[in-house]
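Modelling step: build the complete structure from the supplied sequences, incorporating the hints.
Protein chains in written order, with the numbering used here: chain A, 1 to 217; chain B, 1 to 673; chain C, 1 to 293.
Because the hints were derived from the structure by calculation, they are not lab data. For glycine and all other residues, C-beta sits at the position ideal for the given N, C-alpha and C. Please note that a few of the clues may not be correct.
Straight-line C-alpha distance at most 16 Å; calculated EDC-like pairs for lysine to aspartate or glutamate [unchecked claim]:
| # | chain 1 | residue 1 | chain 2 | residue 2 |
| --- | --- | --- | --- | --- |
| 1 | B | K628 | A | E59 |
| 2 | C | K215 | C | E191 |
| 3 | A | K13 | B | D633 |
| 4 | C | K22 | C | D112 |
| 5 | A | K166 | C | E172 |
| 6 | A | K13 | B | D203 |
| 7 | A | K127 | B | D633 |
| 8 | A | K196 | C | E165 |
| 9 | A | K166 | C | D162 |
| 10 | A | K187 | C | E165 |
| 11 | B | K527 | B | E216 |
| 12 | A | K197 | C | E172 |
Far from chain A, by Cβ distances over 10 Å, these chain C residues were calculated [stated by the list, open to error]:
| # | residue |
| --- | --- |
| 13 | G10 |
| 14 | D25 |
| 15 | R80 |
| 16 | G84 |
| 17 | R129 |
| 18 | K173 |
| 19 | D235 |
| 20 | G291 |
Not everything, but these chain C residues come out facing chain A in the computed CB check (under 8 Å) [as the list claims (entries may be wrong)]:
| # | residue |
| --- | --- |
| 21 | L164 |
| 22 | P166 |
| 23 | G229 |
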Amino acid sequence: MIVAEAKPFDEIKEMVNGYRKVLVLGCGSCVTVCMSGGQKEAELLAAALRIARGIERREATVDAKTILRQCDEEFVRQVRDELSSYDAVLSMACGAGVQGMNEWLRNVPVLPAMNTRFIGLCEGQGKWVEVCAACGDCVLGVTGGICPVTSCPKGILNGPCGGNKKGRCEVSPDVPCAWVLIYERMKERGKLEEFKKERAAKDWSKRQRPGRYTHRP
Amino acid sequence: MRPIIVPPCQAACPINTDVRGYVSAIARGDAEEALRVIRRVNPLPSVCGRICTRRCETACRRAQVDAPVAIRALKRYAADLAIGQSFFTRPLSSYPEKVAIVGSGPSGLVAAHDLALLGYSVTLFEARPVLGGLLSEGIPKYRLPKEIVQREIGAIVSLGIEVKTGVRFGKEVSLDGLLWDFDAVFIAVGSGKGIVPQCDGVDLSGVFSGVDFLKEVDRGDRQAPGRRVVVIGGGHTAIDAARTCIRLGVSEVTVVYRRSLEEMPAGKEEVLRAEEEGVRFVYCAAPIRFIGKTRVERVRFARTALGEPEESGRRRPVPLEGSEFDLEADAVILAIGYAPDAEEIKEAGLKVGERGTIVVMDETGATDITGVFAAGDVVTGPMSVVDAMASGRKAAGAIHRYFRRIPDNAFDRLVSLRPLETSVTAAIQKSERQEPSLLPREQRTTSFDEVESALDHEQARREALRCLNCGAGATVDGECAACLNCVRVCPFGIPAMGAQTVEIDVAQCQACGICAAECPACAIHLKDDARYPMRPGVDRVLEKAREESPDIVVTGFYCCFRHPLGPPVERHALSWIPVLCLGRLRESDILYPFEVGAEGILLVSCRDEECRFGRGVRLLAERVERVKTILDDTGIGGSRLSVVAGDDECDRFIRGIERLGINPVRTGKRVAA
Amino acid sequence: MTLREKLNAGRFVVTAEIGPPKGTDVGRLMEHIELLRGKVDAANVTDNQSAVMRVCSLAISVLALRNGLEPILQMTCRDRNRIGLQSDLLGAHVLGIRNVLCMTGDYVSSGDHKDAKPVYDIESVQLLRIVERLNSGRDMAGNELAGGTDFYQGAVVTPETDYLEPQLVKFEKKVNAGARFFQTQAIFDIEAFSSFMSFARTFPVKVLAGIVVLKSVGMANYMNRNVPGIRVPEDLIEELRSAGRENALDRGIDIAARHIRQLKEKNLCDGVHIMAIGIEEKVPLIMERAGLL
Ligand SMILES: Cc1cc2nc3c(=O)[nH]c(=O)nc-3n(C[C@H](O)[C@H](O)[C@H](O)COP(=O)(O)OP(=O)(O)OC[C@H]3O[C@@H](n4cnc5c(N)ncnc54)[C@H](O)[C@@H]3O)c2cc1C
Ligand code: SF4
Ligand code: SF4
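Next comes the structure, spelled out in structure tokens:
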């Protein structure tokens, strides 16, 4: 799932400064699941903007709404007329949603309220962790199902660096050393022989941007 | 028949009172609303609040955690605030049909009440000079003061009911005569005849029926029956007779029951009260003969052993050979049961059942004579006040349908919520049941003053807050994004992933509202949200506060569990909004008063470890931090929001707000952070 | 004799460390080179150590070489991708450098440009593989080179880490990828080290034990708490404490010298790598007390 987080309020406020009538548009998919851009957050952001504008004695039409997905034209089309009555739409979707909306909603600028962060898993209520870097060359099959490209800040492929301490990562003691986890998992599964195999350098050409995928090439 | 799922208390109540509804109204201090909820189904609330057999409490799921909610006491608390006050008025348009109601016990009264409200002209025939049946003559006044009964009856009669007292059906009026004058007849003459055991000596003087005894006492015709009285039986009547004897000055009162205390229909609490007053109890003994010349002198009993269970589920007492013993007595009160007067019924031409009861076709109370209905104890044999009321209600409905030719479409079936699962009960905070205070013992044995008093305000609020709000919990709508936050956040582990969306088991949900406040899709709704309309509530409260304090208005949200008696402090500038656990407040709920111009917001919550729902306070703290950041960002300033505990903190906060001045939303001046 | 030759001849070698300056003033650095020349067998030139930006290790290595101190060029994978690394390696070789130490490198967050984008296109094992490849006359992509390299490549290992098993696997991978010699992270427990060595001795590689001079009790405690892979035993800390604040450094030098002597006498390893951070000038004294001068 895609995880995004709201931009700092001041940045958002600046961004919509020149627009009188603004719609904060939540997205009902990934960002709702990660709690940062669903209806609840859209309402809250809209309220905050109304207050800030109220204090500055400025036009304070800021509404909130949510659609199921901003990254598909069909969903956007259903609300196009309604959205067209605003001077700007402040999208709480991921970067894909914002770009799609701009493409399909030519007459209204769609601005990003979010910083799109990563593909992640929930690790407890209200907490997400990046687990996949979308590297295009998946190694999970030989790393016990734990991604070193993502979970190790250095993304190294042949075992831990010398920096782990008490099973924690050198870069931040808050996170476990991915390679310690991989080693343990593979040991538990009797796959240490696999662990010992040298892994060649990654083929980064798979990550050439913009990535494209065709279902039936 | 469509099943409607209701809380167990409501399902158990024969008149299906919305217990949760009125209890939660009391919990938030709205006793008037509570009474309205009660009155919707019950025209005798002060009576029921005293002597109802409270099947609701037996069913109450709070018992799975500690003890049932004191529902009856709460009803009395609310009902006594406006005894005898009319809540409803007779409709302007009325139907031409006339109904005769015979017997003014609870069954007849409720039928009269309902039919009058439906718009029929009702005439109530009563053999005795007073209305009320056993309520007025029978149930002793130390449990049910008679003026209370009369005031409630007065309100019913004031709906325009014609009353004919001193008119005995079968004597002054006949069924044929009534059917000539009226379009329907409803018979609710109760069960008036005491049952007499088949043994030698029952005809001796000094041996009499318990019901008759109690009626005579209420009529003022009775002095102490003797010095040593033996009461035989184990029901309400037996205990009432024994306790009445004590009050009449009888020095030695012994109740003899043929089974054990466990099996006693009267209930342990009643026995305890009687013992406190000096009544002696002998269990597992049955009378075999009454001994005396003309007047009874002794009673011979045989010890019993409990054998196979009978139909009723209770075990059959079997006399033990050679275990006889005698008890001296100069009066014996028989309270082993009572039944309708079969002769009276037979004479009227109605079909008589086994124990002298009137045979009816079904729940509607229709008899085999068209236009004649019957209900109450005369149909069921001795039951209870609320059962009699329920049957009167059903009959009134049936009479209405009979007149209006509405087919007897099936009644809605009320189905109770399932019991709580142990994983849930284990997570529910325990809390002590509030008991009404009792009259001192000396006063009880010398007068007929009411023994039990009402709960005081504090007790009532506390007790009402013990209600688990069964079935008033969360529901999930189609906006659910299946993010599973509710699954992760619920203190009771109730939400679970269904086929497409999360499902919340209404039977287990504790209605804390925590999941709803966390739901990022705003897809969770609480059934009782309508009673706590957060935004309109805030608007109203703010508007009022603004009138009194034009400069500074502080909105306070307080947790009802922490402050059951209402707002923690009263101040000019403070406008309070009660919330059942602040854990249900969303960030936007906290922010809203600022948007509409409040100068400050005060949150009075429990301490973390005291939170009724375990994690409400912790989550609130996280949300408050979030809102403070928003306040700083927007230019209102986070210091205008605070979570406080004590009174002086409230005052300190208000002073701080006074220094900060007007909410910049109102002035349009951004203050430097 | 070069470092490679000495090690192959079975001589007990000593290497030290020189850190490139932050800025173009190489005055102090030259003093250190002067001090070490003729005493140690080679000196490591660190590569933006701890991710703090400094003069590149290649330039300083060349400087050392020209001034008669044999350099060991340290190369990390943090700041260059596979193209940059190979091209620098070829350049180093052209300028006469033969010893390289291949490492993954500390993360940018420990340095002074925390917002830098770290590279890590490849890592230590793969870098060793590249060096091996260059030595055989081809680049990583398999293209033939107009003139290959003749590097003597080494790697690092942390024998006193608190979680050794995967470290040993990685050691083996580095050996297989072409590492000829290893310099270890600081060791303080000779016994534990000898058990590591009995494992390491089963591979055809030379091992130089890392020696860090303890300067004070505070430093020892700090390292125990914060530096991964370092474990200063309690008795050594006690020894420092008993020496008193004034004499702690001197006692630290004693300890280092003692350890070196023990390693050499017991023939536990093939040499030592002395890391005298901030007290480079004490290296000769340590060697003297260890009986190496
Ligand atoms: C001692 C005692 C204590 C009780 N305690 C409780 C208690 O604590 N809680 C509880 O829920 N229940 C209690 N009950 C039971 C309860 O009182 C009855 O179930 C209930 O009153 C039955 O109501 P009803 O309307 O059917 O009949 P009743 O209340 O018996 O009323 C019948 C009315 O019909 C009148 N009547 C009779 N014959 C004629 C006629 N021929 N013509 C005209 N009028 C006539 C009577 O005078 C009477 O007014 C108690 C009963 C007794 C005896
Ligand atoms: S938190 Fe809301 S959106 Fe998420 S699963 Fe629960 S109900 Fe659905
Ligand atoms: S969090 Fe509270 S309201 Fe929601 S399901 Fe659980 S008990 Fe019910």
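Exercise. Taking the closest Cβ pair, is C/P166 under 8 Å from chain A?
Worked result: holds, 4 Å
Exercise. Holds or violated: A/K13 with B/D203, Cα cutoff 16 Å?
Worked result: violated, 97 Å
For this session: Mind checking the alpha carbons of A/K187 and C/E165 for me, to see if they're no more than 16 Å apart?
Result: holds, 10 Å
Problem set entry | Given pair status - B/E216, B/K527, alpha carbons within 16 Å | violated, 50 Å
Problem set entry | Least C-beta distance from C/R80 to chain A larger than 10 Å | Holds, since 13 Å exceeds 10 Å.
For this session: For the pair we were handed, A/K196 and C/E165, check the Cα-Cα distance against 16 Å.
Result: Distance of about 11 Å is within 16 Å: holds.
For this session: Take a quick look at whether A/K13 and B/D633 sit within 16 Å of each other, Cα to Cα.
Result: holds, 10 Å
Exercise. Closest CB-CB distance from C/D235 to chain A, is it above 10 Å?
Worked result: Fine: 22 Å to the nearest Cβ keeps C/D235 off the interface.
Exercise. Since C/D25 was said not to touch the interface, does its Cβ keep a gap of more than 10 Å from each Cβ of chain A?
Worked result: The assertion about C/D25 holds, with a minimum of 31 Å to chain A.
Exercise. Are the Cα positions of B/K628 and A/E59 separated by 16 Å at most?
Worked result: Outside the cut-off at roughly 24 Å; violated.
For this session: Compare the distance between the alpha carbons of A/K166 and C/D162 with 16 Å, and conclude whether the hinted pair is satisfied.
Result: holds, 6 Å
Problem set entry | Verdict on C/G291 as a residue remote from chain A, using beta-carbon distances over 10 Å | holds, 30 Å
In this structure, the earlier hints numbered 1, 2, 5, 6, 7, 11, 17, 18 and 21 are contradicted, and the remaining ones agree with it.
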